[in-house]
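> Residue numbers (this note's numbering), protein chains in the order written: chain A, 233 to 463; chain B, 793 to 1093.
Hints may be right or wrong, so weigh each one.
Under the rule of at most 27 Å between Cα atoms (straight-line distance), these lysine-lysine pairs were calculated in the DSS-like manner [stated by the list, open to error]:
(1) K394/A - K806/B
(2) K263/A - K250/A
(3) K1001/B - K305/A
(4) K806/B - K331/A
(5) K1046/B - K310/A
(6) K331/A - K442/A
(7) K1089/B - K250/A
The hints are simulated quantities; they were obtained by calculation from the structure and are not laboratory data.
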Amino acid sequence: MISFKEVSKTFFTRAGHKQIIALNGVSFEIKPAEFVSIVGKSGAGKTTLLKLILAEERPTRGEIFFNGDNLGKIKTAKLPRIRRKIGTVFQDYKLLPSKTAYENIAYILEAVGAEENEILRNVPEVLGIVGLESRAQNFPEELSAGERQRIAIARALIHRPKVILADEPTGNLDPYCALDIIKLLLKINEIGTTVILSTHDKEIINRLGKRVLTLEQGALVRDEERGHFIL
Amino acid sequence: MLTSLKRIIYFGWKDFYSSLGLSLATCFILVIVIFLITSLFLLKGLSEHLIASVREKADITIFLKGDSSEEDILKLKEELVKMPEVKEVEYVSKEQALEKFTKEHKDEPEIMRALGLFDNPLWSSLNIKAFEAAQYPSLVSFLENSSPSNLIAEVDYPQRKLLIEQIFGITEMVKRAGIIISFILAVIAILVAFNTVRLAIYNSREEIKIQRLVGASNWFIRGPFIVQGAIAGFFSVVFSLFMILGIIYFLGPKIGFFLSGFNLLSYFLANLGTIALIQLATGVGIGVISSYIATRKYLDV
């Protein structure tokens, strides 16, 4: 479903003198309905890897395939088609501040051209899954960090994507909320959605017992089927 | 498609309304720009009027011999009128010339007394206006070399030449300067308006990026901004139109004296359709085009 072939990503500092290697010759493959965690220290390349899958960044070298599409070569205009197959949970939530929780979730369906009755049926249902029906009419700034993250997950789920990318979704949350979010991601995975979770939370990784990719200074140093958090 | 279009229009209106402060600031700038562009249009009308009235004063006079019959004079007038260079020919008979002279000098007894000694010493004449200053020499040479030259006593072109050339030269310069200044002012105004819209959209750059990342198409993101721009432009046009009409209605009669007989209100009403079109093209055009260009930068994610 997703495959990385010798992918490298290099950034240049703003002055353009210094090169920063974010990913270096990374290769792996992710099959449908897998739950894969990506671990590593800050700056190891976890977020860059997720950005490459979302085609927010393009690889400097190597190839990335998503359902047969080469993400490095795809035209900008065709990106929405790819991104609609992906649900993304960002570490900083990235909710639209001028829209309510309900509108944030509904926006995805509106963007894909869903009918009004479908939106009216599905949005409350997803709000129910994340346990926030009562917060539907609140704006993001009126929600707690945990609530915002759950709205972000609801938004990522609403259009039934093939893949969920979760970039440190528990980074800003207390342990109780963090556990709830992980349980939610597991539930999503159980219904057949591929989940790619980036985290540096040791406890979560060790409890999951799922596949773990470990990154170190941009290189993939471990790929274990039932991995543990080892740095 | 239709559902998406309806949503785009709805989002555009909602965003315009929910960020009313910013929308009104954009409208305010657009009103200034529309006001300026409309003023330039009205100034064009005024300057054309002034130029025409100054050029009215540029003419040459052919004085006709005392024994010329009126029939020959009118024949000559007809010939002149047919010439493409000639804009207007006015025949002043001996009697009309005397009447005019008497009227002008009635308070000067010495002149009037001297005039009484003769039996109408004035000549009949033809006042000729050409379209361009450069056309006068060819007109004069036609008069000197053609058959009716035996009717002509004198042509005052040599004395009037300098004045005619100055009048045409200055009015032409004013016309060109007007066009250049109007163009520069219009460009500045459009740039200011474009920058205002760009700044308003700059505030939404993060939202645009998020919308791209969650899979919205470029048109679905850009559409509401364009609709917002069009709404701001439309409201600005309506407001400007009434504001300018009000200003002209109340101020026009008071400044009429300075406009040398130019009726601003009639000119405005006579050109209302053109003015409204110019305002719509300016207001809605700037709103829509600026939004389109300004969003393009943030859609490259």
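> What are the numbers of the hints the structure violates, in ascending order?
1, 2, 5, 6
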